[in-house]
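Peer 1: Here is what each chain is made of, one letter per residue.
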Amino acid sequence: MRTLIRSAAALAAVGLTLTPTAASATPTPSPGAATVTKAGTSFLTATAITAGQPVQVGASTGDHLYWSFRAEAGQVHEIAATVSFPKGRTGASTWTVDVFDGLRRRQACTAGAQTPTADASATSVTLGCTLRRVRPWAEPWSGDPLPGTYYVRLSVTDLPEPDLGLPIDVDLLVSVDGEGGASGDDGRLAAPLVPNTRAGTVLTAEPTPEPVAEEETSLTGWLPEAGSRWVWTTAGGVLAAVAGVVGFALTRRPRRP
Amino acid sequence: MINKRRSTAVLLGLLATTALIGPAPALADDETAEPPAEPPKVELVLDVSGSMRARDIDGRSRISVAQQAFNEVVDALPDETQLGIRVLGATYRGKDKKQGCLDTQQIVPVGRVDRTQAKAAVATLRPTGFTPVGLALRSAAQDLGTGSTARRIVLITDGEDTCAPPDPCEVARELAAQGTKLVVDTLGLAPDEKVRRQLLCIAGATGGTYTAAQSADELTGRIKQLVDRARDTYTATPTVVGGSAECRDAPLLGPGVYTDREAFAEHRWYRVPVRPGQELRASVSIALDRPVNPDYGVLLRATAQDGRELVRGVDAGSGRTDVISAGLRWSAAEDAPDPAPSGTVTAQAVCLVVSNAFAPRPGTEASPGMPVELTVDVVAASPAPDEPDLGRGWALLLLLTLAGLVTGLVAGLLTRWWAATWREN
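Line by line, the protein sequences give chains H and Z.
Start counting the first sequence at 1; every next residue gets the next number (the working numbering).
Start counting the second sequence at 258; every next residue gets the next number (the working numbering).
Take these hints with a grain of salt, some might be off.
[What the hints assert, rightly or not] Taking beta-carbon pairs under 10 Å as the criterion, some of the chain Z residues facing chain H (in silico):
#  : residue
1  : G402
2  : T403
3  : G404
4  : S405
5  : A470
6  : A473
7  : T494
8  : L556
9  : V667
10 : L670
[Stated by the list, open to error] Counterexamples of contact, computed for chain H against chain Z with all Cβ distances above 12 Å:
#  : residue
11 : A33
12 : R132
13 : A235
[Unchecked claim] Using 35 Å as the maximum straight-line C-alpha spacing, the simulated DSBU-like pairs for lysine-lysine come out as follows:
#  : chain 1 : residue 1 : chain 2 : residue 2
14 : Z       : K451      : Z       : K376
15 : H       : K38       : Z       : K451
16 : Z       : K355      : Z       : K451
17 : Z       : K354      : Z       : K376
18 : H       : K87       : H       : K38
19 : H       : K87       : Z       : K481
20 : Z       : K481      : Z       : K376
21 : Z       : K352      : Z       : K376
22 : H       : K38       : Z       : K376
23 : Z       : K354      : Z       : K451
24 : H       : K87       : Z       : K355
25 : Z       : K451      : H       : K87
26 : Z       : K355      : Z       : K376
27 : Z       : K451      : Z       : K352
28 : Z       : K451      : Z       : K481
29 : Z       : K354      : Z       : K481
30 : Z       : K481      : H       : K38
Because the hints were derived from the structure by calculation, they are not lab data.
All C-beta atoms, glycine included, are put in the ideal place defined by N, C-alpha and C.
Work out the full structure: start from the sequences and follow the hints.
Peer 2: Here's what the structure looks like:
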């Protein structure tokens, strides 16, 4: 019974998630989110931000600015950045926003101006990147987006050298679409792709053999996980039973009045 | 019966696990990072050579702008940050280049800052002599000492180094290759082309940044930002490791972050022990700390001991960038070989090889190699999900309903037929 209630709740949740969302408007910061005024300069020193938290930071042209955020399964992230130039520049410059997962693998953008070029006279340039939906599980050999840390790197890839070092102002916002909690049917990552950032230790000897871990057996382990499938299948069974009774009744001779 | 057998298995399993948990407490992975032993250390290196007299920043002299910026930075300094100040070209008034190029002093030693003393020391500076940037950088690195955490040097200058050799950029590369994590951020005061090139080279070689400051506000804001950054990021220091040319004698790495150097067209091998049921995760970043041709790539491969490739991570790029990265995941196939008769499983050493496709420009130094950052992690494997046993969706409901209806009809017809036959007999 409890499973049924839980499954019903899950079904309701799924239904809510599936309701068509409004056509993606310009991302807006979450109300009450504190503005981040920092940026890291490498993967290891990336500044952690959360979706909906606006970033405003002053930097120099040519800096490579890093931020990181956490992603859960089922979410789609959209990154919007604006670089404004308070000073005149000598030529056109090309800017880029690169996104990497926790293993520093480059992530594709499905939409958005990832590498726009700003004219010498432009006062600002807008960058955008919409990521793929985060999968709950993928084979180790695949490059699918998985839950864990994601890195955003904002930099200029092409510019006249004299423009290096000039001040810029960067606004960045990571917004998230779709709540996490994808169904358990599609697998689950045992550990999210969060990099281990502690200094490593070089081992001096091969690790000793480890005793085989006994597999845990449980009485209900063979049952499918609680979820909306229970509700659907049960409802299907009930409908089949009703239809069966109806079908049986149809073959009876109608009673004379 | 079945239940009885299962509960016996559970009981045995429980007994086994309790017996096994006992002798392996050393493996417990504490998630809390240990507090860093030393505070963040920064040294500001200020050029006080004769050219700092020029009045071209908002109508004020460069040195007065720098002095004002230093005062504000010292005032806003976080308590735990240890700051030192070194000057170059501050005392020698003569014309002898040899003498003038040795002119660099530490006016505030690296440590907890006495604000009044530091400000007084800065206030007395008068633009004087030569610009021995290379020597000043070397001395600043010594001031900061060696330790386990990252250090930052902020170099503020308005003129080209007049004392090479040593070439400041060479010095920066040499310092970066010494093992201690040292980042040099450079600030050019109203820089010309030569100064910009030199400062860009210094910053690029150490993974620092370059800023052209053209007003007092810009200078102050930037130095504050850099000092703050030192506090935020100084703990990120990887372990230095030396990869070998072959897998056989490659260093055995545990989970964590490592740094190494790799020359053009070099291959570096490492080994990571992975047990059955575990997943290997590795990523590598190679920094472009020197001018290279615009197209480049990096390849990270995991191979078995016999050279068979297991998986690869690859990325390529074009244009200006700081690092190029690739990563991979790998876990053994699920039908792992049976455990040894002793009831133990041995770890399989997986070889990792890092290679790069960079092309040096004419005149680019080949050694020391480019900085490599390697991240290794070993976590529990994520097995492929089972196919679902239950169904979902409207099509399923429709199908079940139709099946029920057809069954009902058939059953009803059969009953009728049977009843009719039975009545006749």
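Peer 1: State for each hint whether it applies.
Peer 2: Hints versus structure:
no.: 1; hint: G402; verdict: 18 Å, violated
no.: 2; hint: T403; verdict: 15 Å, violated
no.: 3; hint: G404; verdict: 13 Å, violated
no.: 4; hint: S405; verdict: 8 Å, holds
no.: 5; hint: A470; verdict: 8 Å, holds
no.: 6; hint: A473; verdict: 13 Å, violated
no.: 7; hint: T494; verdict: 6 Å, holds
no.: 8; hint: L556; verdict: 13 Å, violated
no.: 9; hint: V667; verdict: 8 Å, holds
no.: 10; hint: L670; verdict: 5 Å, holds
no.: 11; hint: A33; verdict: 20 Å, holds
no.: 12; hint: R132; verdict: 16 Å, holds
no.: 13; hint: A235; verdict: 6 Å, violated
no.: 14; hint: Z:K451 <-> Z:K376; verdict: 31 Å, holds
no.: 15; hint: H:K38 <-> Z:K451; verdict: 30 Å, holds
no.: 16; hint: Z:K355 <-> Z:K451; verdict: 22 Å, holds
no.: 17; hint: Z:K354 <-> Z:K376; verdict: 30 Å, holds
no.: 18; hint: H:K87 <-> H:K38; verdict: 21 Å, holds
no.: 19; hint: H:K87 <-> Z:K481; verdict: 21 Å, holds
no.: 20; hint: Z:K481 <-> Z:K376; verdict: 16 Å, holds
no.: 21; hint: Z:K352 <-> Z:K376; verdict: 29 Å, holds
no.: 22; hint: H:K38 <-> Z:K376; verdict: 27 Å, holds
no.: 23; hint: Z:K354 <-> Z:K451; verdict: 20 Å, holds
no.: 24; hint: H:K87 <-> Z:K355; verdict: 40 Å, violated
no.: 25; hint: Z:K451 <-> H:K87; verdict: 21 Å, holds
no.: 26; hint: Z:K355 <-> Z:K376; verdict: 30 Å, holds
no.: 27; hint: Z:K451 <-> Z:K352; verdict: 23 Å, holds
no.: 28; hint: Z:K451 <-> Z:K481; verdict: 26 Å, holds
no.: 29; hint: Z:K354 <-> Z:K481; verdict: 34 Å, holds
no.: 30; hint: Z:K481 <-> H:K38; verdict: 12 Å, holds
Violation of the numbered hints given earlier is confined to hints 1, 2, 3, 6, 8, 13 and 24; the remaining hints are satisfied by the structure.
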